[in-house]
Structures are given as structure tokens and as C-alpha cells.
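J.: Here is what each chain is made of, one letter per residue.
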Amino acid sequence: MRLARHLWTVYGGYALGFASLFVIWQLASIYLVSSVLFPPPTVVFKKGLLLVKNGVLLEHLAASLQRILAGFVAGSLLGIPIGLAMGSFLPVRKLLEPYTEFLRFIPSVAMITVAVIWFGIGEASKVFLIIYTTIFIVILNTAAGVSAIAPNKIRAAESLGATPAQIFFHVALPATVPYILTGMRLAMANSFTTIVAAELIAANDGLGKMLWDGRLFMLVDEIFVSLVTLGFLGFVTDRMFRWSIYTFAGKYSPAT
Amino acid sequence: MPLVSFHDVQKTYRSLQGVDYPALEHFSLEIEVGEFFCLLGPSGCGKTTVLKMLAGFEAPTAGRILMEGRPVAGASRDRAVVFQGDDSLYGWLTAVENVEFGLRMRHVHRTERRERARRYLELVGLRGQEQKYPAELSGGMKQRIQIARVLANEPKMLLMDEPFAALDAQTRTLMQMELASIWHATRTTVLFITHDIDEAVTLGKRIGVMQAGPRSRVKGVVDVSLDGARSRTDDAFLRYYKQVYEMIRDEVAKSLSRAD
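Just so you know, the protein sequences line up as chains F and D, in that order.
For the first sequence, counting from 1, position 173 maps to 173 in my numbering; every step adds exactly one.
For the second sequence, counting from 1, position 53 maps to 53 in my numbering; every step adds exactly one.
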């Protein structure tokens, strides 16, 4: 009874919110826009279940996730040290800012054509695009985090006898972690946009490809399955990201 | 030989527009080993500048600052700093980890540094709070961590920049009493910056009163010969209060008229 009440206070609102979303969708597709072009959730879920059973959905899902993960990890691993260097050393910042400030205004979607010309329609072009969409946000947030460190944190370390290298690893780096994590979370959201756009244009599989095929063959149900999957996937990954921040890096969490 | 001496120190700041502001001029001061020296002055007189230069965070424009006869060059663990706010604490470290930070940087063995950190946390009255993060502690407790952190590092002197200014009145009085007893127990040399006459008379063995800026210097030094626990209602305490007050009154008026 106690547990039930606890679960209700924590997840009750969410459950209700999601339920109302599907109820409104169901009602709208029956009474408001009664058309094959706007299938109700019951039809979409039935179709989704079918696609899960025959493995098609999971195949597309795995393809998209793999690309996102590879590009996201690589982009973060590249972006963090560059951001740290830019935030720590003014000459590095001045040298690299033209690149970051110029390139970050060219949306990754605009780079799809170039990526396909350079790397073909295989995995390489997708991973390149995810790296591209990840790296600048991570760099920017990391560098901002370094410059936001309270000078007294550095001064305290100096007068406690820390060397410059120790100050970097024991003060500057941990103080920047919340900013890095925030940058990565934003980059993750961007990765979803980018992967769908890239797969729409050139891919053999993936959720974007599924959308495109749906349009091509007028499989409206499949389009909606893909859309719902994307929303669900984004929600779950973001929650997992938040959850792991609070669990494994609670003291570094951006909120505090 | 005094532990620290300022010889005819000058500090000029240049604004972004290129205008020079002479904060300190002909500033001279000597601090003896083991004394509690309060530097008192109206706001904007450059007392924090004095502390920053002695800490090694800033260099003087002219003049010499010596510690044990050697010029001060950059920060050093000889001169530990307690800052006014709590932004110098490391939010990702627990209280005990904050306190042992200096020892860890010097590769003191883990069990030894833990032991020392715990001892100093106990000295500042934070027993049982070792595993809490700074965000979980009150303003007064955070200042205690700062004090324990510098004491654990065993510096030759403590530089304290209005460490209790942001605390509420009750906590401030309590912290002053505790700092006085810690100083009696350790006899570490202290340079304590404050704008509060009451605080200076409560804590200081000597009180240096500064002029209003610009071109500030020490206007005069008052020897406070009060022993043991000082009471704000003692006649002697009030006499010193009055003496310092009369020295600083005109300076405060000057600094206010300049601020307008």
C-alpha cells in the first residue's frame, strides 16, 4: 500500500500524462480526422507489435542506435579535450574559435550531402554526421564550464600547494564535469534529429529509412510506428542519461 | 625579524579604459610571528588588495613584500587563505576530502591525512559531518571547513579575508569566539581582514587601521592588551573600541563621500 502510494507520487503524473496523450490521439483519429492518413494508436501499436515480432522494427532501431552511439561517443571524446584546452588557454581558444564559431552554424543536416559524397551511404557518413552534430555543443559547453570556474577555487588550490597539473586534474576538470554532461545531453538530442535526416536521404536501414519507405509505399501505419519509436527512444535515452548522472555522478549533477 | 613585512608598497590598477587607480601608496606594515593582526578599513580602501598581494595572487606595482626575509613570489602553502564566500570549497568533495586536499596534493599517505583531516574537523566543531558535501552544510559550517582545510595544511600563516562577513550575527559571534580559541591553541600567525571594529577588537592582538582609498596606507596601529576571553561589555574593550572608532570615523566619511 505504502509502495503503491510512493510509486503513484513519483510516476503517477507521468503515467497520466502519457495515457491522456494516447486517449486524445485515439479520439482525434476517430472523431476529428477520420482518415487512413491519421491512424489511431490502437492500429499503430498493433502494427508495431507485428514489426517487433518479425524483427523489422528492431533491425531499424538497432541500426539507428548503433550510429548514434558510435558518433556520440567519438564526438564527446574529441570534444571534451578540445573544450578543456580552449577554456584553459587563451591562444588555443583564439586559434580554434574560428573553426567552432564558423562550423557550428552550418547545421549537420546541411552537411548530409557532403558526408554522402565523401563517405558513401554506409555507416561512415552517418557516424561522421553524428560526430559533427555532437562535437561543437560538447566543446562549447566544456569551454564555458572551464571559464565559469570560480577563481577562488584555483587560488585556494594554489595556496594549499597544488601544482598547475594538479590544479587541472583535481580542480578544473571536476568543476567542469556538470557542464560537460549538460553538453552531452544536448548533443544526444541533436543526434536524433541528425540521424533521422541522414537516414531519410541516404541509408539502407534505420528509423529514418523506415519513414522514407513508409512515404514511398504509402504505409502510413509504419510511418507512425517509426515516429512513436523515435519519441519513445529519445525519451528513454534522455531519462537514462539523467538517471546515470544522478546515480554515478550525483555530486557532479548539473542541478546542484 | 618580523614574519612578514610590507616596505613602501604601491599597487595601481589600470581600468579597461586605461585609467590608473592608485589603490595603495607607501603602504608599510610588519606582522610578527604568532600574532593575530587585524587589518581594519572602510570599504574600498584596499585591504583585500593587501591580502591578495601577500597571498601571491597579485604582484605589487612597486615596493617589496617579504616573508622571513624573502620576497613573496606567487602563491605558496606557507600562506593559506580563508576566503569570504564559500566558492573556494570543492563541491564534488566531502567535508573531510576538502580538508585533506592540501595533504593529498603533497602525497601524504591516505590513513595519515584522513586522521589529520578528522582531527582538524573536530577542532572546528564539525565532528560527524565528515561525509557531507558542502552543499549540504550551512554557511557557518562551510567557513569551518575552510578553516579546517587551511589548518590541516599547517601553513606558516593564515590570511583571512572577511571570513565571517556573509554569516548571520549569531553565527558570526560564535565563529569569532571559536577562532579566538583555535588561535590560542595553535598560535598560528594570522592576518585578518575586516571592516567591523567590533570584530577587530574581539580578535586582534594588534589592529592596523587603514585610510580611505585611493592612495591608502596604514593610518595607525593599535595594540590591544586584552587577555583571554574578551567581553564586549568590558570597560577596556569599550575603550579600545572607542579609540579605533575615532581613528576610522573620518576615513569612513571620506570613503562614503567619494562613493557618491
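Honestly, I wouldn't trust all of these hints.
Unchecked claim - No farther apart than 30 Å at their CA atoms in a straight line, the calculated lysine-lysine pairs in the DSS-like style are these:
#1 K132(D) / K205(D)
#2 K153(F) / K52(D)
#3 K205(D) / K52(D)
#4 K254(D) / K153(F)
#5 K242(D) / K254(D)
#6 K156(D) / K219(D)
#7 K132(D) / K153(F)
#8 K242(D) / K219(D)
#9 K52(D) / K219(D)
Said to hold, decoys possible - Partial pick of chain D residues on the chain F-facing surface, computed with a CB cut under 8 Å:
#10 A75
#11 S76
#12 Y90
#13 W92
#14 G102
#15 H109
#16 I182
#17 W183
Said to hold, decoys possible - Partial list, computed: chain D residues near chain F (C-beta under 10 Å):
#18 G56
#19 A80
#20 F83
#21 Q84
#22 G91
#23 L93
#24 P155
#25 R230
#26 R232
#27 A236
#28 L238
#29 R239
#30 Q243
By construction, these hints were calculated from the structure, which means they are not laboratory data.
All C-beta atoms, glycine included, are put in the ideal place defined by N, C-alpha and C.
J.: Starting from the hint list further up, note which numbers the structure goes against and sort them upward.
T.: Hints 1, 4, 15, 16, 17, 25, 26, 27, 28, 29 and 30 contradicted; others consistent.
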